[in-house]
Amino acid sequence: MTDAPRQGGPAPVAPAAGPVEVALGEEHLDNLFGPQDENLRRIEQAFGVEIAARGGQLRITSAAATPPGESRPEIAGALLVQLDRLQQQGYRVRASDVVTAIRVFEDDPKARLEEFFRPTGVLAALKRHVTPRNLRQQLYLKAMADHDLVITIGPAGTGKTYLAVAMAAAMLNEQQVRRIVLARPAVEAGEKLGFLPGDLVEKVNPYLRPLYDSLYDILGFERVGKMMERSIIEVAPLAFMRGRTLNESFIILDEAQNATSEQMKMLLTRIGFGSKAVINGDVTQVDLPHGRASGLREAQEVLAGVEGIAFMKFDKRDVVRHPLVQKVVHAYEKFEDRKARREEP
Numbered sequence: 001m002t003d004a005p006r007q008g009g010p011a012p013v014a015p016a017a018g019p020v021e022v023a024l025g026e027e028h029l030d031n032l033f034g035p036q037d038e039n040l041r042r043i044e045q046a047f048g049v050e051i052a053a054r055g056g057q058l059r060i061t062s063a064a065a066t067p068p069g070e071s072r073p074e075i076a077g078a079l080l081v082q083l084d085r086l087q088q089q090g091y092r093v094r095a096s097d098v099v100t101a102i103r104v105f106e107d108d109p110k111a112r113l114e115e116f117f118r119p120t121g122v123l124a125a126l127k128r129h130v131t132p133r134n135l136r137q138q139l140y141l142k143a144m145a146d147h148d149l150v151i152t153i154g155p156a157g158t159g160k161t162y163l164a165v166a167m168a169a170a171m172l173n174e175q176q177v178r179r180i181v182l183a184r185p186a187v188e189a190g191e192k193l194g195f196l197p198g199d200l201v202e203k204v205n206p207y208l209r210p211l212y213d214s215l216y217d218i219l220g221f222e223r224v225g226k227m228m229e230r231s232i233i234e235v236a237p238l239a240f241m242r243g244r245t246l247n248e249s250f251i252i253l254d255e256a257q258n259a260t261s262e263q264m265k266m267l268l269t270r271i272g273f274g275s276k277a278v279i280n281g282d283v284t285q286v287d288l289p290h291g292r293a294s295g296l297r298e299a300q301e302v303l304a305g306v307e308g309i310a311f312m313k314f315d316k317r318d319v320v321r322h323p324l325v326q327k328v329v330h331a332y333e334k335f336e337d338r339k340a341r342r343e344e345p
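According to the working numbering, the residues represented by the sequence shown are 1 to 345, in order.
Errors might be hidden in some of the hints.
[As the list claims (entries may be wrong)] Computed spacing ranges between beta-carbons, pair by pair: (1) 340 / 292: 17 to 23 Å; (2) 334 / 23: 41 to 47 Å; (3) 229 / 339: 17 to 23 Å.
Source of the hints: derived by calculation from the structure; they are not laboratory data.
Source: prediction; values computed, not measured.
For every residue, glycine included, the Cβ atom is placed at its ideal position computed from N, Cα and C.
Given these sequences and hints, build the entire structure.
Have a look at this one:
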């Protein structure tokens, strides 16, 4: 008689999955595989498989034991088949596309890559500016296309602001909105506003610099300058939004964790006819004075369940900056967890 498995032990691991045979078109293999098969090596490393190719005939085997219910060779094979199908449709797959496809399949092995690389509607116009690099970013873009108000929370480096600015630019180009309004709280994060040189506008300008950077990157320096002269694009501190009604606008509030409850309510009630609003922030980096509640945190509770509002949540797995940024975010999360446990009564 065999002993029953002990409680609390390691999760059971299934034997290595059987081989998977995949047939690809011969026409674009060199491009799909990459120089010296580097794209195949990326897929092997990501999914723990080994790929043997003879022309367009691929044999994919598992390089190690796999978790129960999971066939890594099947996932890698499905990814390659979809990339090959994209090429047959005329899309030229780049190395960066393979990296994106791996991230997508790691999140959802049943994803359809065509939705990422050959979108329709406003997302097709957006594709000229930027391509989502993981599943959460794709869902974020779709949420902005489908909802008039999107509230997004997540750490730095997940593309919250950049993708919102890209969507705003695409909708402006498609004449779905008439202007872009970008706002940000001018909150002191260790620096003192009063000691900065210049008048009020010059003092708060450094706080708005990340928004300018995204605009310049997507639309170009000269075009942004001309649009700002004509008030098609407006970048302003959050406090300057009071008393206005913003019609046919794409409104982005960045660093929303530093908006007070009053400021958040004020901005949300500025949304006019034909407008969209995106509220972005990181609730782990609140710079408000001690005792002041974050309007973003409050909005999560107040607006939960309100029809027509989409909530998006990013985490450290969605960071798409330098790989070290993901590690930094993870290290700080662990530190905050340890600190919270020490402070528990």
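Each hint tested on the structure:
Restraint check, residue 340 to residue 292: a C-beta distance of roughly 21 Å satisfies the suggested window 17 to 23 Å. A C-beta distance of roughly 45 Å is found between residue 334 and residue 23, which places it inside the suggested range of 41 to 47 Å. For residue 229 paired with residue 339, a C-beta distance near 48 Å fails the hint of 17 to 23 Å.
Hint compliance for this structure: hint 3 is the single one not met.
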